[in-house]
Amino acid sequence: MTRLKADSRHLVRFKLNGKPVEAEAEPRMLLSDFLRHQLGATGTHVGCEHGVCGACTVVVDGMLTRSCLTLAAQVDGCDVKTVEGLAPSADRLGALQRAFRRNHALQCGFCTAGILMSLDHYLSRNPAPTEEEIRDLLSGHLCRCTGYTPIIRAALEAALSATATEESSDA
Amino acid sequence: MVQAAVKSANSVDQGRSGDKPWVGRSIERVEDAALLSGRGRFIDDLGVQPGTLHAAILRSPHAHADILSIDIEAAKRLPGVAAVLTGEHVKAVTSSLVVGVKAPVECWPIAIDRVRYVGEPVAVIVATDRARAEDAAELITVEYRPRGAVVDPLAALAPDAPVLHDGFPGNLASDRAFRYGDPEQAFADAPHRFSIDIKYPRNSCTPIETYGVVASHDAAEDAFEVLANFQGPFSIHTVIARALKVPGNRLRLRTPPDSGGSFGVKQGVFPYIVLIAAAARVAGRPVKWIEDRLEHLTASVSATNRATTLSAAVAADGKILALDWDQVEDCGAHLRAPEPATLYRMHGNLTGAYDIRHVKVRNRVVVTNKTPTGLNRGFGGPQVYFALERLVQRIAIGLGLDPLDVIRRNLIDAGAFPYRTATGALLDSGNYQEAVSRAVEQGKLAELKAKRDEARAQGRLYGIGFTAVVEPSVSNMGYITTVLTAAERRKAGPKNGAQATATVGLDPVGSVTVHVASVPQGQGHRTVLSQVVADVFGLEPKDVRVNTEIDTAKDAWSIASGNYASRFAAAVAGTAKLAAERVAGRLARIAAGQLNVEAADIVFTRGFVASRHNAENRIAFSRVAALSHWSPGSLPDDAGQTIRETVFWTPPELTPPDDEDRINSSLCHGFIFDFCGVEIDRTTLETRIDRYVTMHDCGTILHPGMVNGQIRGGFAQALGAALYEEYAYADDGSFLTGTLADYLLPTTAEVPEPQIIHMETPSPFTPLGAKGVGEGNCMSTPVCIANAVADALGVADVTLPLVPARLAELVRGVEPPPPAGRSTATRAREGDRRLHGEGQASVNGAPEQVWAMLLDPATLHSVIPGCQRVDRLSETHFRADVTLGIGPVTGRYRADVELFDLDPPRAVTLRGRADGALGFGSAEGRITLEGDGKGGTRLTYSYDAAIGGKVVSIGGRLLDGATRVIIGQFFTALARKAGGGGAAGGGFSLFALLAKLTSLLGGRR
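Line order of the protein sequences matches chains H and D. Here the numbering used here is used: the first residue of the first sequence is 1, the next is one more, and so on. Here the numbering used here is used: the first residue of the second sequence is 10001, the next is one more, and so on.
The hints are simulated quantities; they were obtained by calculation from the structure and are not laboratory data. The beta-carbon is built from N, C-alpha and C at its ideal position, and this holds for glycine as well. Honestly, I wouldn't trust all of these hints.
Example chain D residues on the side facing chain H (calculated, C-beta under 7 Å, incomplete) [unchecked claim]:
hint, residue
1, Asp-10032
2, Gly-10705
3, Thr-10747
4, Glu-10753
Based on the provided sequences and hints, a complete structural model is requested.
Below, the structure written as C-alpha cells:
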C-alpha cells in the first residue's frame, strides 16, 4: 500500500469523463474539493460535507460515490464520471437532462448534479423503474426547492423515453 | 373578477402558434441548460483574483460566557497564516451593526469580550488556503468563564434570568401594546372566550448552498468590493457600509449569477460580509470565505421561535368578534437588522382571512442565548397562523361546530374588497368564499370525510385539518417602524414604499436586454421577464436576454431591491413591463413616422412593428430598435432616446404607519385554503399525509409551471417544519442539531404530491395583476397538518415538530425512565446533554496504594490516554493537556480537575472540566475505595456529566452509547494496569471520560 506523507502534495491521476486528468493533492484533500478547485470541474457541488445531502454524488469506477466522503488520493487510477460528462455535446442536453427541463425538476440547480448522477447511474441499470423505486433511490438526496415530485416525474419520463427510443430503433 | 381556474401545469408549453401572449405559459426555463450540465456559476464556482486568501472562523462552544483571554500567537506563527482577527481587531476597523430598536446596545459580527450563543465567531483566521486556516484555528486558546444561559423566551423574561445585554433590561428588547376598535368591550359582551397557548419552534429553510463571501479593500480609496450570495433586501447595504465606516458609494456589493437557494436565509450573510471585509482590510489582500454546513446550521440564521397566547371573543354561531394577541418573539442573542421584522411583517394581517374589527396586541421581543434570527420563507406567517388557525379549530370544537363552518362564517365578504383590516392592511382583491367552495368540490372533501369515518370505524387514527390564510407579498419598507411609537417615528422620519427597478435596453443591432435588481435563487426570474418583455415588443422570449445579477456600483437599485417578501411577480416583473412599455411607446412614435400612420395604430407583433389596420405596412423591430444608436437625428423630436430606460415603481398604497399604528404592511394579499387528511400509525405514531389539497389565488399567473413549483417547494419545506425540523437547544444553550442527520429535512420518501387548485383574482394594485405566491404554504401547511393531527388524536394541544416521540407523550404520557442499572449512562431527559452513570470495578492493590497513585501526577500522566503533561497546581488540583484521536478526528483538550471532600483512603469527590476544539464537558463524581479482603480494592463510582460544544451539535445522538463503551474500556485498561503491579485511581475515570467524550466526533475535518 502506498504511504502518503501528510504534509506533502502527491500527484493524483485518473480519468474524468473519459479524459485523463492529473493534479497534485495533499492526502487530506477531498475528492469534491479536488474536482472543483484543482481541476475546475465545478459542476459537482458541496452541500453538507458529511454525506447526507447527496449534492456531491459522482460515479467512481461504476459506483455511486459521495465525493465529499472520498479523498482525492483514493481515486488515483480510477474512472470518474461527473455531471459535466452527461450531455452528448456542449450545446445539447441528454434525455434525462431534457426531461428535467421539461418538468421544472430544478429551481436553483445546486443539488441537481448529484441527483442527475444517481439517476443516470440507476436508469442505465434499471431502464423501467417504478415511482417507488425512484423515490427510494432519491431518498439519499436533499432538495429544498422543488418538493421532489417534478424530479420523480422527470426520471420516470426519461426512463420511458429511453425505452421508447430503444423500441423504435429495434423496429 | 374571477377568472377560470388555470389548469395545473406540470410540463412545458412550447407552442408558438398565433399571437397568444407568452405570459401565462409554462415555457422551458432559460436558466436550466447551464444548471443541468454543470455550468452554473455559483459563488464558489467563480475564480478569484490571484493571491486571494481564505478565511476560517473559530466559534464559541459556549452559549454564554465571558472571554477571559484569547491566545493567537501559535496560530499566527503557523506557515501560510496571514492574519488572525479577534473581536478587538474587528472593532478597531468597524463600527457596531445598527440595531432595529432604540436601545443602548451594540451588535457586532464577532464576539467582543463575551459570547452569547454557540457558534458566535470568536476569531477569524486568514491563510493561503482553507485547510491551513482551519489548522491555525485549532492552535488558538480561548479561556472562557461560563455564565448562566437562557434559551426559552418566557424564561428569559423571568426576574432571575441571566441578562444578555445591559441595554436590554430583563432581556426585553421591545414591548409595544396596540389597540384597534374596542376589543375590551367586544370581549366583555361576547358569550364565549377561547384561548390558546402556542410555542412555535425554531426552524430554517436551509438552502443546500451555504453562505459565501469574497471581499477586498482598496486602501488608497478606502473602498470595499464584495461578492456575496446575499439576497437582499438592499436596505442592508446601508447597514454594511455603516459598519465598515464607508459611505455607500465605497461599498460595491455584487451578487454571483447563480445562488443555490435562499428562502430568506441568505439575507443573514451580511454580518459575515462585514467580518470578511474587515479581514480583507487587515490582511491587505482579498479574502474568501465559504461557510460549511455545521457553521450554517449552528450559526447562520433561523426563523424566530415565538410564544403566543391568543384569545378570541366569539359569538354563539362561531363569529369571531375580537382577538387578543400576546406575542413574545425570540430573536436570539442579538437583534440584527431587519429584526424584529419577523414580528411586524404580519401586523396588518393579524386577523388573517377573517372579518374581525376589534384587535388587541401586545408584542414583546426578547433576546436569548441562541443564534440571531432573520429572514426565512413565510417570515412571521407560520408563527401567526399557527396560533390563529389552531384557535379556529378550538372554537369549532368548543361550540360543537364544523371547523369549516367557523372558517366560512368569518371570511371577509367577496364584495368588501379592497378591504381595510382592523390593523391597517389593505387587502387588494379576492373571493374567499368562492375559493373555498371550489377547493371543497375539486379537492373532494366529502370523499375525504367518508375516508376518515371509515378509517375511524376500523380503529385507525385518521384526522382532517383545515386552514384559510391570507398570503401577504411585496413588503412595505415602512412596516418595521411599527415597532416604534408614533412619536419615535415622527422623530426618525417616514419610511414606506417598496421601490422596484427594471431597465430595458436596446443595442445597436436592436436586440433587447433586461436588467432587474431581483437577485433570484432559482425562481426563474430570467425566464419570466423574457416572457413579459417579449409580449410588449412582439418578440419571442429567446430574443430577450435578461440579467439578474446586482452590482451596486453600476446598476439601478434601491433599498427594496432583492428577492424576498414574494415581490418578484407582483412588483419586479410588473416594473419590467412598465419599462418595456415606455420604450415601446417611443418606438411606436418612431415607427409611426416611418409607416406614415398614427402612433396609436402601431402594434408590435412577430418581430415587426406594424400598422394595426394594415399588417403589410410594417418594419422589422430590430431596425426601429437600432435607430437611436445609428441615426438619432432622424428620430421625431418628441420620441427621445430608445437606448435604455430604467423605471422605478413603488405602489402608492404602501403608506407609513398612521398615528393609530395602522399599517398596510404588504401590497398584495393572495388567498390560500388548504385541507388535508393524515393518518397516524398506532404503533409508531408516525404521521403520514394521506391527501393534501391546496387552493391558491395569487392573482394573475405569469408562468403556471413556476407557480406550482413555488407551491410544491413551499409545501415540502412546510411539511418538514410540521413533522421533522427543529433547531434544538439543550437547556445550557448547546446546539443539538448540527448535521443534516440531526436536523431532518424531508426526502422523496416523505413528500407526497399536493393537489394544487388555482383561482385567479388579479390584483388591482400591480402592473400585471400578479400577487406573490412563494411563501403561502410555509404559512398554511404547518398548522393545517397540526389541525389534522389534533383531529386524529383528539387532543387539544400539539406542538411542532410532530415527531413520534412528542405524539407518544400526548397519547401515552411521559415515558418512564428505564430501570437503574450498573455502568449505565442515561440522559436525564430528552434534549438535555446530561449524562449520569454509576458502576463498580475491582483493581489489585490496597486502597491506600490506589489512593496514593490517584494523587500522583506521574501516575496520572501514564494512565490518561494521549496525555501530554500533567501539572499539579495544588495538593488537590490538577491540570492536564491531552491529545485524543478517535478515527480521523484528533483534538487537543485542556482538562482541569479538583478533588473535594477527601476521606483518605476511602472516598473522594472530583469536579472537573475539559475544553477543546470539539467541545467541552464538566463532571462531578464520587468514588469510594473499599478493600475487598483479598489485597485488592473495590471502586464504586457515580457521576453526573454535562457535555457541550461542537460534539453535541454533530454527534449528540451517539453520545450515550459511546459513553457506555468508553467506561467499559477504561476499567478494562485500569484492571490491566493494576494487574501489572500498580493500580490507577478509579476516580481518574471521570477525568479521562471527560476528555474522551469531548473528542468523540469531529466536524468537517
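Each hint tested on the structure:
{"no.": "1", "hint": "Asp-10032", "result": "holds (4 Å)"}
{"no.": "2", "hint": "Gly-10705", "result": "holds (5 Å)"}
{"no.": "3", "hint": "Thr-10747", "result": "holds (4 Å)"}
{"no.": "4", "hint": "Glu-10753", "result": "holds (4 Å)"}
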